[in-house]
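Listed in order, the protein sequences are those of chains A and B. The numbering of the first sequence is the working numbering, which starts it at 1 and goes up by one. The numbering of the second sequence is the working numbering, which starts it at 1 and goes up by one.
Because the hints were derived from the structure by calculation, they are not lab data. Where a beta carbon is used, it is the ideal one built from N, C-alpha and C, also for glycine. Do not take every clue at face value.
[Said to hold, decoys possible] Covered stretches of chain B, as calculated for chain A (at least 3 residues, CB under 8 Å):
no.	segment
1	66-78
2	157-165
3	241-255
[Said to hold, decoys possible] Straight-line Cα separation of at most 30 Å, DSSO-like style, residue types lysine-lysine; simulated pairs:
no.	chain 1	residue 1	chain 2	residue 2
4	B	K331	A	K37
5	A	K69	B	K336
6	B	K336	A	K72
7	A	K37	B	K260
8	A	K37	B	K328
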Amino acid sequence: MRFAVVQFPGSNCDQDCVHALQVLGQEARLVWHEETKIEAEEGVILPGGFSYGDYLRCGAIARFSPIMKAVKNAAERGQVVVGICNGFQILCEAGLLPGALTRNEGLHFRCEPTWIRVESPASRFTSHYGTGEMLRIPIAHGEGCYRASPEILQELEAQQRVLFRYCNAEGQGVRGGNPNGSSHNIAGICNERRNVLGLMPHPERCCEEVMGGVDGRGILLGAAGVGRKI
Amino acid sequence: MKAKEFALKLGLTEEEYGKIEKGLGREPNENELGMFSVMWSEHCSYKNTRRELRKFPTTGPAVLVKAGEENAGVVDAGDGLALAYKIESHNHPSAVEPFQGAATGVGGILRDIFTMGARPVAFMDSLRFGRPEAKGEAGRRTRGLIKGVVSGISHYGNCVGVPTVGGELVFDAAYEGNPLVNVFCLGTLRHDQIRRGAAKGVGNPVFYVGAKTGRDGLAGAAFASRDLTEESKADRPAVQVGDPFVGKLLFEACLELYAKPDLVVGVQDMGAAGLTCSTCETASRGGSGIEIELDRVPQRETGMTPYEILLSESQERMLIIVHKGREKELKEIFAKWGLDAAEIGFVTETGKVVVKAGGKVVAEVPARLLADDAPVYEREAKVPAKLAERQKLDLKKILPGQPRVREDLLKLAASPATGSRRWVWNQYDHMVGLRTVVRPGSDAAVLRIEKPGGGWVHVAMTLDGNGRWCAQDPREGSKALVAEACRNLACAGAVPLGLTDNLNYGNPHDPEIFWQLREGVEGMAEACRFFDLPVTGGNVSLYNQSPAGPIHPTPVVGVVGKVEEGVRLVGGVLGQGGGAILLLGTQESGGLGASLYLQEIHGVLAGKLGKVDLEGEKKLHGLMRGVLKLAGVRAVHDVGEGGILWAVAEMVMGEGSVGAEVTIPSGQGERGEEALFGEGAGRILVEVEEGSVGEVERMSAEAGVGCRRLGVSGGTELKIVCGAVKEKWGVGELQKLFHGSLPKALESE
Chain A
1 MRFAVVQFPG SNCDQDCVHA LQVLGQEARL VWHEETKIEA EEGVILPGGF
51 SYGDYLRCGA IARFSPIMKA VKNAAERGQV VVGICNGFQI LCEAGLLPGA
101 LTRNEGLHFR CEPTWIRVES PASRFTSHYG TGEMLRIPIA HGEGCYRASP
151 EILQELEAQQ RVLFRYCNAE GQGVRGGNPN GSSHNIAGIC NERRNVLGLM
201 PHPERCCEEV MGGVDGRGIL LGAAGVGRKI
Chain B
1 MKAKEFALKL GLTEEEYGKI EKGLGREPNE NELGMFSVMW SEHCSYKNTR
51 RELRKFPTTG PAVLVKAGEE NAGVVDAGDG LALAYKIESH NHPSAVEPFQ
101 GAATGVGGIL RDIFTMGARP VAFMDSLRFG RPEAKGEAGR RTRGLIKGVV
151 SGISHYGNCV GVPTVGGELV FDAAYEGNPL VNVFCLGTLR HDQIRRGAAK
201 GVGNPVFYVG AKTGRDGLAG AAFASRDLTE ESKADRPAVQ VGDPFVGKLL
251 FEACLELYAK PDLVVGVQDM GAAGLTCSTC ETASRGGSGI EIELDRVPQR
301 ETGMTPYEIL LSESQERMLI IVHKGREKEL KEIFAKWGLD AAEIGFVTET
351 GKVVVKAGGK VVAEVPARLL ADDAPVYERE AKVPAKLAER QKLDLKKILP
401 GQPRVREDLL KLAASPATGS RRWVWNQYDH MVGLRTVVRP GSDAAVLRIE
451 KPGGGWVHVA MTLDGNGRWC AQDPREGSKA LVAEACRNLA CAGAVPLGLT
501 DNLNYGNPHD PEIFWQLREG VEGMAEACRF FDLPVTGGNV SLYNQSPAGP
551 IHPTPVVGVV GKVEEGVRLV GGVLGQGGGA ILLLGTQESG GLGASLYLQE
601 IHGVLAGKLG KVDLEGEKKL HGLMRGVLKL AGVRAVHDVG EGGILWAVAE
651 MVMGEGSVGA EVTIPSGQGE RGEEALFGEG AGRILVEVEE GSVGEVERMS
701 AEAGVGCRRL GVSGGTELKI VCGAVKEKWG VGELQKLFHG SLPKALESE
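Produce the entire structure from the sequences given, and follow the hints as far as they go.
Here it is in structure tokens:
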């Protein structure tokens, strides 16, 4: 599958996403934020980084970029859209996903491997995994604390839209396993139609053994619609 | 004010004023004096140290751009790949404004690297502060500085998307009034992408690109060339303010610009001394002149005087000279990235920097006079009066009747000075870029770099300094540093290619301080020559003293190397147990002189480090690289500060490590503490599978390097025997202290 990896001024995981997708046998092209077209057969990646320096609020300015209209249209047409880290923040600001990402509970930027648990295999992004399967995936953010109203959290849970939750090494969703204080230990959610994914951990950083693990491959391959090899 | 009076007020000497007047053939005006005061400061001219710096070996087959030629040195990494790297200090700014001081230090070194045409791919930082656990105001201030500096580095480095992959963090009361913040950056490029900072081609346009000019950082270079005093806080306006977002846009725009064939003539960043430095240096290098009009300089404040515009050190600005007729291409690229690009002047043949404001000449100075003809001083050097006394070491007066090794190790593990640095590196994005294959916390960081023709080269890098060793014996201490840095690279299987140095010392007008500097340079130069290691540039930071006195003499070295083909990158953790733990190198402890142990456990700085056996080191490093190619090698860690027991302990305290049971050699008549905590150079610990022990022994014998089996990995305890000393610790107990000490010291309030 071909992906359009959007480059905002200040994006810094754009090349990493292109590299990881290519390692996984997918095509990827960089799309400058001032462009206006996403092709009908393409998936979209909003990569991590500090779009517009994260001024005002993370993702708050990027949502007004010309490309975002095309991203919204793509999402409405049912195309795959994945927002990673800053990309997740942009999706929330743009209203493609509910809720918001606020300052980490400990106030520090944190870059470290985390454990996340697959909560629902019922999405293309989690189709490579079983319920409760644990993945070792790095995070790198200062504002990844997911917050939403009780009603929205309830809706996300009821519709099984929480796809990934932070957990400890034993798979328990406890405080010690949650690096940023997110409500319900949320690490990643999807929209109702299940074609838009936002997650704070960086799957593109763990697609090669040499980078310390390959637990992120299934997420990106799933996004590409590549089935699980058994 | 009279010109001469004004010159003295700016910190120029009478002699220097005389030289300026003679060089110009007239009385200089205030703008010109401002320009001379920064360009002839130690920070820009190295006037006090230039004679010493000439002692460094600077050439070698791998050197592509030599020390002093450009903004950073460049070495060849093979396959058409080149590495640009350099270290810079931002000590004084960080002392008065830790967050912005450290952030702009990162921004500054970043510009030095991409100015060379390289894509920046990694940072490292060497940080020194007072003791965070100190009582009262001193401790509170130190904790504030540490947190401010770490967040400043995190803020800038994370945002520009360049990983911070290693470094050091040292706490010692000697740095309480004057912290050290040295930042290193590495960039990669093809040989044919190297850029020069020369203004050539009469009539070619000179562009100013990047952020607008403000009043921040006025004459920061001159500020950095004075002692820190109580009044230094009033110098906050001399500290610049950084915007990493603009820094990121600027380097992406520049790299895009460089990629256009035959467009760029010369590039120079505006760092210390801003517009003044970049114009006179590019003109001087190009053997040309430059004329600029200040009214065209993008400004973010109104009413700025020519003096302020010339001396501003506002961040994220570059000077770029392109071929005439290609202006549009440059403007288009900077417009795409949303950055200012103003044509402020042109290259001339006059050899002069001519500055106009509103069409009128406000400064006119020969470029060479300003950039290269700063006076060079021979400073007086004197052996410190108390040195012999300080080098004496009477262990009987210091050590207890019976060794208390169990408590000693627990104390070390629990000290913020020696605890895990994870609290720091977790705040740095050390993975972005997908190149970091050995992460922080190892002897050396390793990056994979894509070769121009495809495939990977692995590059290892380390930063090392040791003020304690150098305070007690600057010459041997500096030699030991270079040896340690090379040993760290050997632990990653790398052959060193080049070294960058940051010489942090006190006030050079004090003959005892100048002696430290000269000894340090000579020791470092000797070791570099021995290891065939060219010094490709760096930074000198003097006047590092506060009312409490000067810092320890603290040269910091950054060494980069290339990992040999076939090396297994194994890290330093005892992962599974059942392996043999071997000591490669000398079996002598080196004694407790100048050791971390004496300072941390007994509060004493005394004695000196043993003499470094450079010959033995070189053999050991070669052996180590060979051993790392064996299939049975599992873990490796160099023996440094804290000695052999601390090295074993660090291995078992790593995340996921098992325990170990080892017998540590003890010399004739040596105390247990000496054998266990002595910091002698030339030793590496390695864990290998049992089946590989014979092969390692054979290789060691062939290399003429000692190899001794110390014991095995496994279990949940660290058990040691050393002469009459027999102790054990729970791995969990040690790990908890080790990983908890730094957060505890810093986050208790």
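Hints versus structure:
1. 66-78: Check failed, 0 qualifying residues.
2. 157-165: With 4 residues close enough to chain A, the hint holds.
3. 241-255: n = 6 at 8 Å, threshold three: holds.
4. K331(B) with K37(A): holds, 25 Å
5. K69(A) with K336(B): holds, 20 Å
6. K336(B) with K72(A): With a Cα-Cα distance of about 24 Å, the restraint between K336(B) and K72(A) holds, given a limit of 30 Å.
7. K37(A) with K260(B): Given that 30 Å is the threshold and the Cα spacing comes to 26 Å, the pair holds.
8. K37(A) with K328(B): Roughly 27 Å separates the two Cα atoms, so the pair holds.
This entry does not satisfy hint 1, going by the numbered hints stated previously; all others are met.
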